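Undergrad: Chain order of the listed sequences is U and S. Just so you know, the first sequence maps onto residues 1 to 436 in the numbering used here. Just so you know, the second sequence maps onto residues 1 to 436 in the numbering used here.
There's no promise every hint is true.
Some chain U residues judged to face chain S by a derived CB distance under 8 angstroms, without partners named [to be verified]: (1) Val49; (2) Glu265; (3) Glu382; (4) Lys399; (5) Asn401.
These are computed hints drawn from the structure, not numbers from a lab. Values in this document were obtained by computation on a predicted structure and should not be read as measured data. We treat Cβ as the ideally placed atom computed from N, Cα and C, and that holds for glycine.
Protein chains: 2
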Amino acid sequence: MALSKSPYRGTRDFFPKEMRLRNFIFQKMADVSELFSYEPYDGPLLEEVDLYRAKSGEELINEQIYSFTDRGDREVAIRPEMTPTLARMVAQIHREVTKPIRMYAIPNLMRYEKPQRGRLREFWQYNADIFGAGQNGEIEILQLAISLMKSFGATHEHFEILVNDRRFVDFVFGGLIGLEQGPTKKLYKLVDAKNKMAAEKFSAEVRTITGDEEKAKIFEQFVSLKTIQDIKTFADTFSSRTLTTSEVSITNHLKPLYDIFEKLESQGLTEYVKFDPAIVRGLDYYTGLVFEIFDKNPENRRAIAGGGAYANLLQIFNEPALEGMGMGLGEVPLTDFLTTHKLLPDFTKADVDYLVAYLVSDAETSAFELAAKLREKNKKVELFFGEAKPKKIFTYSEKKNFKFICFIGDEELKNGEVKIKDLVNKTESTIKLKDI
Amino acid sequence: MALSKSPYRGTRDFFPKEMRLRNFIFQKMADVSELFSYEPYDGPLLEEVDLYRAKSGEELINEQIYSFTDRGDREVAIRPEMTPTLARMVAQIHREVTKPIRMYAIPNLMRYEKPQRGRLREFWQYNADIFGAGQNGEIEILQLAISLMKSFGATHEHFEILVNDRRFVDFVFGGLIGLEQGPTKKLYKLVDAKNKMAAEKFSAEVRTITGDEEKAKIFEQFVSLKTIQDIKTFADTFSSRTLTTSEVSITNHLKPLYDIFEKLESQGLTEYVKFDPAIVRGLDYYTGLVFEIFDKNPENRRAIAGGGAYANLLQIFNEPALEGMGMGLGEVPLTDFLTTHKLLPDFTKADVDYLVAYLVSDAETSAFELAAKLREKNKKVELFFGEAKPKKIFTYSEKKNFKFICFIGDEELKNGEVKIKDLVNKTESTIKLKDI
Numbered sequence: 001m002a003l004s005k006s007p008y009r010g011t012r013d014f015f016p017k018e019m020r021l022r023n024f025i026f027q028k029m030a031d032v033s034e035l036f037s038y039e040p041y042d043g044p045l046l047e048e049v050d051l052y053r054a055k056s057g058e059e060l061i062n063e064q065i066y067s068f069t070d071r072g073d074r075e076v077a078i079r080p081e082m083t084p085t086l087a088r089m090v091a092q093i094h095r096e097v098t099k100p101i102r103m104y105a106i107p108n109l110m111r112y113e114k115p116q117r118g119r120l121r122e123f124w125q126y127n128a129d130i131f132g133a134g135q136n137g138e139i140e141i142l143q144l145a146i147s148l149m150k151s152f153g154a155t156h157e158h159f160e161i162l163v164n165d166r167r168f169v170d171f172v173f174g175g176l177i178g179l180e181q182g183p184t185k186k187l188y189k190l191v192d193a194k195n196k197m198a199a200e201k202f203s204a205e206v207r208t209i210t211g212d213e214e215k216a217k218i219f220e221q222f223v224s225l226k227t228i229q230d231i232k233t234f235a236d237t238f239s240s241r242t243l244t245t246s247e248v249s250i251t252n253h254l255k256p257l258y259d260i261f262e263k264l265e266s267q268g269l270t271e272y273v274k275f276d277p278a279i280v281r282g283l284d285y286y287t288g289l290v291f292e293i294f295d296k297n298p299e300n301r302r303a304i305a306g307g308g309a310y311a312n313l314l315q316i317f318n319e320p321a322l323e324g325m326g327m328g329l330g331e332v333p334l335t336d337f338l339t340t341h342k343l344l345p346d347f348t349k350a351d352v353d354y355l356v357a358y359l360v361s362d363a364e365t366s367a368f369e370l371a372a373k374l375r376e377k378n379k380k381v382e383l384f385f386g387e388a389k390p391k392k393i394f395t396y397s398e399k400k401n402f403k404f405i406c407f408i409g410d411e412e413l414k415n416g417e418v419k420i421k422d423l424v425n426k427t428e429s430t431i432k433l434k435d436i
Numbered sequence: 001m002a003l004s005k006s007p008y009r010g011t012r013d014f015f016p017k018e019m020r021l022r023n024f025i026f027q028k029m030a031d032v033s034e035l036f037s038y039e040p041y042d043g044p045l046l047e048e049v050d051l052y053r054a055k056s057g058e059e060l061i062n063e064q065i066y067s068f069t070d071r072g073d074r075e076v077a078i079r080p081e082m083t084p085t086l087a088r089m090v091a092q093i094h095r096e097v098t099k100p101i102r103m104y105a106i107p108n109l110m111r112y113e114k115p116q117r118g119r120l121r122e123f124w125q126y127n128a129d130i131f132g133a134g135q136n137g138e139i140e141i142l143q144l145a146i147s148l149m150k151s152f153g154a155t156h157e158h159f160e161i162l163v164n165d166r167r168f169v170d171f172v173f174g175g176l177i178g179l180e181q182g183p184t185k186k187l188y189k190l191v192d193a194k195n196k197m198a199a200e201k202f203s204a205e206v207r208t209i210t211g212d213e214e215k216a217k218i219f220e221q222f223v224s225l226k227t228i229q230d231i232k233t234f235a236d237t238f239s240s241r242t243l244t245t246s247e248v249s250i251t252n253h254l255k256p257l258y259d260i261f262e263k264l265e266s267q268g269l270t271e272y273v274k275f276d277p278a279i280v281r282g283l284d285y286y287t288g289l290v291f292e293i294f295d296k297n298p299e300n301r302r303a304i305a306g307g308g309a310y311a312n313l314l315q316i317f318n319e320p321a322l323e324g325m326g327m328g329l330g331e332v333p334l335t336d337f338l339t340t341h342k343l344l345p346d347f348t349k350a351d352v353d354y355l356v357a358y359l360v361s362d363a364e365t366s367a368f369e370l371a372a373k374l375r376e377k378n379k380k381v382e383l384f385f386g387e388a389k390p391k392k393i394f395t396y397s398e399k400k401n402f403k404f405i406c407f408i409g410d411e412e413l414k415n416g417e418v419k420i421k422d423l424v425n426k427t428e429s430t431i432k433l434k435d436i
């Protein structure tokens, strides 16, 4: 029986056209990271499952992870996200290196998902993180995200960054509404799903979870907040009454969000960044600012990237707390975004400097020699194998973006020459082989 | 219990220094491939195990492959080599594209091995293949291999390419010695292991496998051949007598090897390439020229790369035969080679253009602004967070290769200026912020 020629479900074959596109995107990611002095890293493809048990959400472990037992009886998994690996690596070095630590990576990840638009089983994800930098680090990651989007030619007309703060969410869910952890998690999920739900259904679920009309009203007020000014007004309503949880205070839970927006304002970034109460980010490790980047096109309304601040990723390694902020940006939704907005160059044809061809087989050795000489001068050269008629060579030359065609025929061979056709300027010249 | 901070056995954490080295090596691989007009590709991390069953050696499947059953009951494996994926991809397109097809990739692969020098469980491998180009393709792959090695500064004093031809080996094992497939495979393994064995043991094993003193002698003659002239003399001895297998002939089985060396000679490549009867390559799919690149340093005597010509990789997909030639080069033995010969730059420190620092906290916004401006001019900029004294900033500046330090103090802030220290030329200047 013949084997299947298709790739494994949810993964892709990258033929040259797709691979040039991928290289283009990865190069921008690396370049912009280096502009911000972030340093490259990578970790192993496999990690022990315990690492993810300790840090990733339950959904990831139970439903999405590719895990198996190796020949040495270790339970391992193909990495479904990069943050746990980064935490493991930073735990090794953070005592010796000067903070902040700025790092970026573009790993391939796997998750067992139902393949659909913008979602595949194997994908690459750009990751950038800064450790030990406080609020300036949070600002910098947002700047980096904006610069990365702009490097592809995207503007604030194409995308927006929606931010929220877990401390503010805690203030509302814990302090104002007075919920325990269980119902709080349910509210998180409900907020996440809000835009995919009918208003009545949402309203009913709020009441089921909070179990109280007054609490439900506070929650509904919260999800309707649109600006920092809205939040201030909202918070003022409650500042006079005693909050449910004693440690909740406006200073600890709201000031960071106010400060961030002040800094964003002073740096002219508010045309990109907006407050949105619906951004909560499912992962457990976020403790401060959280954000997602969205396509503004309503047809392609999904997160291209997301991230947030964490107080303590190193705890699971028994290391002292080290705050940080990170982001992840998927190459699949980014490509969808860039395609939708026609921001991608055409990668159909390869760019090659010279096509070297020979019209008589006796010239083969000379053609090999010429190609070698041009390559020594750092020119991209394709050697057309076998003697061929000019017509055939010209026809082939249209398959790639060649700049020049070099011909060696009987005449040229006899005189130690090569005829060079400049395809860009439509000129022709004959040069001595030894002069190249 | 705290989790382990170490990577999974046989895999590596790439901290910035190691990652810069890896990027340097991969960039050279891509650059040299493009000089030869090879186009980039990649395939999935996972393939169905059947693909490897059909094409890879038994050792790989039984002992080295990372395979498991996915949640949909498919038997899948993390790719242990790239050639089967490439064959699957070429099977999809070969009818539509103009030949030759030139492709390269730098995939990460996994094999369950006992980690040791030059061998890890997760590693990257450069792959280059050409399909449908005949003997010129074989020459081109050898040229490409040589150019790649030379791009790192290696010369024929550092490395050599040892070649053989499966057709010649068949001529000897099948035609001259008259062995069946079983003993032939054993002889392959024996040849492979020759240099790690005592002469007496080798001699005894030859006699066990061939079961005949005369045959053993022919085999011993074969393994002592050193040049193409030796082969010609050796072959002449037998040309007068009837060969065991009728289809074996000097024209079919030796001429390709003679021709290759003639071409290598005319292109001045014989200072890099030598005939070696001990190169046979274990994999089943090779049918013509085979080669390995070796470090000439006797301390580091292992193959850095290997490859060969195959007549028909597409058969398992029920596609018509398409000849090709490919090579694989491991990043682990290559790095060992480059390290041994001191051919690697120092990647300890990151290269950054500007370190932007502020001496008073009021200057923070200006510093952020300056950094943003410099980045718009494509400069790599690190922002030093928090007000700091010059001494602290200078001390920090030694951690990376900065070209300039920008300071904004009280004075500069008042005048809308920045003081720039040129660390390379040891000069200092003050510039208006708005003039940058």
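Undergrad: Can you name, in rising order, the numbers of the hints this structure does not satisfy?
TA: 1, 2 and 5
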